[in-house]
Every structure is written in C-alpha cells, then in structure tokens.
Amino acid sequence: MELRTLRYFVAVAEELHFGRAAVRLQMSQPPLSRAIKQLERELGATLFDRSAAGVALTPAGVVLLEETRTLLEQADQLKTRVRGAISFTIGMLGDSTDPGAARLAAAYRQQHPGLEVRIREADLTDPTCGLRAGLVDVALTRAPFDETGLTVHELRADPVGAVLRADDPLAQHDELKLADLADRRWFQFPADTDPIWQSYWNGGQQREGPVVRSVQECLQAVLWNGTVGLSPLGHHPPGELTVVPIADLPPSRVVACWKTGETNPLVRSFVDLASTAYQGEWPDERS
Numbered sequence: 001m002e003l004r005t006l007r008y009f010v011a012v013a014e015e016l017h018f019g020r021a022a023v024r025l026q027m028s029q030p031p032l033s034r035a036i037k038q039l040e041r042e043l044g045a046t047l048f049d050r051s052a053a054g055v056a057l058t059p060a061g062v063v064l065l066e067e068t069r070t071l072l073e074q075a076d077q078l079k080t081r082v083r084g085a086i087s088f089t090i091g092m093l094g095d096s097t098d099p100g101a102a103r104l105a106a107a108y109r110q111q112h113p114g115l116e117v118r119i120r121e122a123d124l125t126d127p128t129c130g131l132r133a134g135l136v137d138v139a140l141t142r143a144p145f146d147e148t149g150l151t152v153h154e155l156r157a158d159p160v161g162a163v164l165r166a167d168d169p170l171a172q173h174d175e176l177k178l179a180d181l182a183d184r185r186w187f188q189f190p191a192d193t194d195p196i197w198q199s200y201w202n203g204g205q206q207r208e209g210p211v212v213r214s215v216q217e218c219l220q221a222v223l224w225n226g227t228v229g230l231s232p233l234g235h236h237p238p239g240e241l242t243v244v245p246i247a248d249l250p251p252s253r254v255v256a257c258w259k260t261g262e263t264n265p266l267v268r269s270f271v272d273l274a275s276t277a278y279q280g281e282w283p284d285e286r287s
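For what it's worth, the working numbering labels the leading residue of the sequence shown as 1, then goes sequentially.
There may be inaccurate statements among the hints.
Unchecked claim - Ranges between beta-carbon positions, derived for each pair:
#: 1; residue 1: 177; residue 2: 112; range: 39 to 49 Å
#: 2; residue 1: 190; residue 2: 102; range: 24 to 34 Å
#: 3; residue 1: 151; residue 2: 224; range: 36 to 46 Å
#: 4; residue 1: 248; residue 2: 211; range: 24 to 34 Å
#: 5; residue 1: 26; residue 2: 211; range: 39 to 49 Å
#: 6; residue 1: 223; residue 2: 248; range: 19 to 29 Å
#: 7; residue 1: 50; residue 2: 118; range: 47 to 57 Å
#: 8; residue 1: 225; residue 2: 78; range: 49 to 59 Å
#: 9; residue 1: 53; residue 2: 31; range: 18 to 28 Å
#: 10; residue 1: 248; residue 2: 225; range: 22 to 32 Å
Bear in mind the hints are in silico, worked out from the structure with no lab data behind them. Source: prediction; values computed, not measured. Glycine included, every Cβ here is placed at the ideal spot set by N, Cα and C.
Turn these sequences into a full structure, and let the hints steer you where they fit.
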C-alpha cells in the first residue's frame, strides 16, 4: 500500500466524485479508478458505493479516511523533520560582530558537523527575523517584542546608550537620563513595526524623527541630522559618533526565540549552546 494511493483515496473520498478527484490530482480518471480498485483488493473491503446517484463512502471507507488522514499528516511531518536535520536556518538581527555569535557558531559547527546552516539577517523592522513568517527555524535577536505564539529564552542583557554626534554637547556626559533627550528628534521605524519593539527603542515615549530600517540608516541619521538613536553599549560606532550610557532605560535583552511547540531537536541544541556562548556582558569583553 503506497502513500500515493492513499492520497488518491482521500481525494476521491473528499470529492465523492472520481472526475473531480482526478482533476484535483492532475491526472486522468481511468488510472485513478484502477488505483482505487487495487486498494480495495489489497484491503479486501469495498471502500465506495458506486451507483447512478453518485459515489458514497462505505463504513470501511469512513474508517480508512480517518486513519489515512492521520497517517498522511504524520508522513508530511516526517518529511519536514528530515529536511530540518539536513539544513537549519537562523534569523539574526544584525549583531554579527557580537563575540557571543562567533562562539555560538564555532560550538554549533563542532556539535553538528556537516549540517548546512543558513543565516537570514533581518532589518530592524522585524525583531523576530522572519520567524513568524516561517522563514527561519530560530531567531537570535533582541527583546522586547510581541511574544504571542513564541518561546523566548534570554541569553544576556546589555546596557543601552544614546548614539550622538561627537560634537553634541550631551556627548561629553558620562551618563544621561531619558529626560535629557526629551526635546530631541529620535529615529523611527516604519508604521507596521511591532509597537512593543518601537516603544523600547524610543525610550517608552512617542517621538518624532526620520524613519529608518537598518543599523547603518540609524547611524547616518545621527551623523547627518543630529537625530538621537539608541544602541547597546557593545556596539562601537564610527569615530564621528559616540554612545553615552542611559541610566534609566532597562537593558537590551539578547534572546533566542522559536515557535512555541517546535519539536526540531536542532532548536534545543541551538538554545543550549547559545546559553553558554552568550555568558558575560559584551561591553566588558571589549573594554
């Protein structure tokens, strides 16, 4: 009994018409009819009542339809899991210079030699790096964002500072508070960006300023327009810019996240290795 034949059976059982089922399966009707008759011979049971009024499932056909749907669903899941063992896609949010990411890559290569790892770098408008769209298996990113349907594991928390031009009067301070930046223009993300994410990078307030999508656009907005941006302290901007710590803003959390209920063992391995690779604070490592 082949899976292909069972898929034929499901099509006929759902359409209750051999002609429509053949169109759905993109095949002609005679070989479909022969395949169903062969299936009935193999099972020793009549699956369809055929009459001038049409086609109807027999009691045996009803049982087979229920069992076959479960079997085909399991077969599809099996194919997905096997493909997942051959390749693995990680979404990243532009922190490729983080030493934690480098350590994680080395550890993952050692534990999974021969595995093809694909990296998808997302811009700042998608903090889940394509996870919700099914483009990646796991995301290495920063919180906070809408966590609905996702499992989020914190790897590290980085203090955050204001990105300013080096000639900005506030750049001479050792530390700032959000109130010191209240009258400044801040960079914005596009309107459809996760509002929790947008609010964090705007210091929890409604702001005005140019719309950006990437780290480089943020830095250029500061350089050209004096716009205020935020950045984890571990990032080292160009010499014309500086980052001053902000005392009253919660740290930026580096996280691994994946869809809740995900069973791919490569995800669990990734999270376990990431928990070790990201120990310690990035700014301390680079000082």
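Against the structure, the hints:
no.: 1; hint: 177 with 112: 39 to 49 Å; result: 45 Å, holds
no.: 2; hint: 190 with 102: 24 to 34 Å; result: 30 Å, holds
no.: 3; hint: 151 with 224: 36 to 46 Å; result: 40 Å, holds
no.: 4; hint: 248 with 211: 24 to 34 Å; result: 26 Å, holds
no.: 5; hint: 26 with 211: 39 to 49 Å; result: 46 Å, holds
no.: 6; hint: 223 with 248: 19 to 29 Å; result: 26 Å, holds
no.: 7; hint: 50 with 118: 47 to 57 Å; result: 50 Å, holds
no.: 8; hint: 225 with 78: 49 to 59 Å; result: 54 Å, holds
no.: 9; hint: 53 with 31: 18 to 28 Å; result: 24 Å, holds
no.: 10; hint: 248 with 225: 22 to 32 Å; result: 25 Å, holds
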